[in-house]
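Listed below are the residues making up each chain.
Protein chains: 2
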Amino acid sequence: MSIKSFHPPVRTLMGPGPSDVNPRILGAMARPTIGHLDPAFVMMMDETKELLRYAFQTDYGLTMPVSAPGSAGMEMCFVNILEPGDKVIVCQNGVFGGRMKENVERCGATAVMVEDEWGAAVDPNKVEAALKSNPDAKVLAFVHAETSTGAMSDVRTLAQLAQANDCLTIVDTVTSLGGSELRVSDWGLDAVYSGSQKCLSCTPGLSPVTFSERALAVIKNRKTRVQSWFLDLNLVLGYWEGGGKRAYHHTAPVNALYGLHEALVILQEEGIENAWARHWQNHNALKAGFEAMGISFVVKEGERLPQLNAVTIPEGADDAVVRSRLLNEYSLEIGAGLGALAGKVWRIGLMGFASNQKNVLFCLGALEAVLADMGAKISLGVAVDAAAKSYR
Amino acid sequence: MSIKSFHPPVRTLMGPGPSDVNPRILGAMARPTIGHLDPAFVMMMDETKELLRYAFQTDYGLTMPVSAPGSAGMEMCFVNILEPGDKVIVCQNGVFGGRMKENVERCGATAVMVEDEWGAAVDPNKVEAALKSNPDAKVLAFVHAETSTGAMSDVRTLAQLAQANDCLTIVDTVTSLGGSELRVSDWGLDAVYSGSQKCLSCTPGLSPVTFSERALAVIKNRKTRVQSWFLDLNLVLGYWEGGGKRAYHHTAPVNALYGLHEALVILQEEGIENAWARHWQNHNALKAGFEAMGISFVVKEGERLPQLNAVTIPEGADDAVVRSRLLNEYSLEIGAGLGALAGKVWRIGLMGFASNQKNVLFCLGALEAVLADMGAKISLGVAVDAAAKSYR
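Chains A and B are the protein sequences, given in the same order. 3 is the number of the first residue of the first sequence in our numbering; add one for each residue after it. 3 is the number of the first residue of the second sequence in our numbering; add one for each residue after it.
There may be inaccurate statements among the hints.
In this list, chains with the same sequence are indistinguishable; a pair is considered to hold if it fits within one copy or across any two.
To be verified - Here are the computed lysine to aspartate or glutamate pairs in the EDC-like style, where the Cα-Cα straight-line distance is at most 20 Å:
hint	residue 1	residue 2
1	LYS134	GLU117
2	LYS225	GLU107
3	LYS6	GLU272
4	LYS140	GLU130
5	LYS103	GLU119
6	LYS6	ASP48
7	LYS6	GLU49
8	LYS346	GLU331
9	LYS51	GLU243
10	LYS6	GLU271
11	LYS128	ASP156
These are calculated hints, taken from the structure and not from any lab test.
Bound conformation, chain A alone (with noise of 0.2 Å):
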């Protein structure tokens, strides 16, 4: 056995994540390793989880990332705050619902389905009737940002349902951190998770979360213990909020965190809003490109985010081929339909660093000449002509 360094291809990243990581933060990365109770790291800490609450707009003390990726954070989520014989609605209209509803149920937990079609928002109407109809129910759970689909719910109008029916919220906000409007003290939600390699253009592997202080009641006066150690969070608060006397949990991913507060500063230096226009103006850009192709979008306009659009894949265009001379020929990664959207969809990433005209030209053009290529009717240069018209 000899196996070399590796050294990765310089990649285009405009698929569901990871999306292109701003150079800034990779040298964050590279910077020297220090130690996880050193007071220069401990002030770092403190700094993140101010930055964190910028991001999420909240002014929620329990702030942080968790030392793991964004599926873990949405486990924090609902291992604490649930207990065995807890009932649960879970809004489900992709992917990551599923993924509440398996949670859940590790939980010993029951879960009330809110269905909604791949490709829909989360609909109120049907959330509200279930919370009038399952009146023990602890937790209203749902995506704000379906990755798999493309499509933004209504955070705030859920939100309130949840309250008037004295209901917790758990919401998944992985996607939409640092690209769609985000407001989680103003909108009261209760406890929310992210990742680190969407909007926010960090590497992977961290989870930001952030719990009310109707959340952290619920998870003080728990009857029965968290079934997960690494995930207790009266266990990692007294690491993360341990003030001056800061008790060992695990060991921090110190390069990590980094990466994340570099992140995270950024953000703050663009400003929160201007990020969110950005994403925007991006997309309008991307819009005009597809529609200019004559390819059409999978969510109906006003359910979608900006920073994650999912077309249809023109007829007769193979999609593992496009994808895969995408990758090939241009360094150029998109995403591929999940679930039910699989092989009907493509998935364009715009997020974060990622979010910029650079990527939405090339990507236009780069998807011209490949579906020219393989015979479509196609006239060139009407996609990147349009799209370039948009940030006139």
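Given chain A, put chain B in place with the hints provided.
Below, chain B alone, put in the same frame as chain A:
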């Protein structure tokens, strides 16, 4: 709010981990992020698994890094192998046996504790007795290298006892992997977890694991679902073992895995037996230095770890002041005592890249200077000289 980019101080990390990271690894982590389903990434994952098999000295097919710190690797072993009602014999001779007990109980299983003093190895006689009186025990769980005390237990003997009693083994090798002799296949261990940030000298945040066929059969024949979605091996394997068709489970921590790959390439270049020998050589030099200073080890000869040296704080020396002067005046981190040993010992790590002559001499010299300045009766230079001699 205006928070700036974070530039950590340059430390020498000689605590219980993280240890100094080889600059090659930091460089690897800063390489461009690619997609977690990219063919180039999949190839790197396959190489990583092969390199991990070398590090663990195992031929087990199921060998991979968990996308989270060592505590999550520990939890993965327990939640996949245990079901409610199972019985586990847990050896405790420091902090981490206690954490194992927590894991057992949170799985709804029962822990039978075998206790040894903090600073002693696990006593095989006590284990044999516990196995005899608990013939229904499913698992024997123990720690190879107790990071909290510096004691090394005899994994081979303990595993033989377990096998003779038809018991699976769960073995913590967080601090031993890459630093102390460990032969997973030869010794017939069943579920083994480790960490990236000790003797592999990678950044913290990943947990290599390896499972025997026997363990895998138990996992595949479970009657109940694994309580953690994130750590459910049946799901994780769809991604890591999926061959040509990898199922999406979670987004892998791409850049952290670049770092681990590079750390393992470095280990392969050195040769694992050479790495084990180097840890002994530097331990012996440090030991010569401490003996010359009249500072004694907590663990008796023969049970000591070369990579984690717990020494008794000399009378009159103020624990916190000495450590803080080392940090502030020398940018040198050494570890405090944990649990029963808090305030009584220092823990000096010589792990991986940090296990080198320069660190040994620097640490002894700095410690001599600080202790002398604080009024201790120290013959300056004696410790450094004794250590230097040991290299000749």
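These are the hints, each one checked on the structure:
| no. | hint | in the structure |
| --- | --- | --- |
| 1 | LYS134 <-> GLU117 | within (16 Å within a copy, 54 Å between copies) |
| 2 | LYS225 <-> GLU107 | both (18 Å within a copy, 15 Å between copies) |
| 3 | LYS6 <-> GLU272 | between (39 Å within a copy, 13 Å between copies) |
| 4 | LYS140 <-> GLU130 | within (14 Å within a copy, 48 Å between copies) |
| 5 | LYS103 <-> GLU119 | within (16 Å within a copy, 45 Å between copies) |
| 6 | LYS6 <-> ASP48 | between (38 Å within a copy, 13 Å between copies) |
| 7 | LYS6 <-> GLU49 | between (38 Å within a copy, 9 Å between copies) |
| 8 | LYS346 <-> GLU331 | neither (22 Å within a copy, 62 Å between copies) |
| 9 | LYS51 <-> GLU243 | within (10 Å within a copy, 36 Å between copies) |
| 10 | LYS6 <-> GLU271 | between (39 Å within a copy, 9 Å between copies) |
| 11 | LYS128 <-> ASP156 | within (13 Å within a copy, 60 Å between copies) |
Hint 8 alone, counting from the list given before, is not met by this structure.
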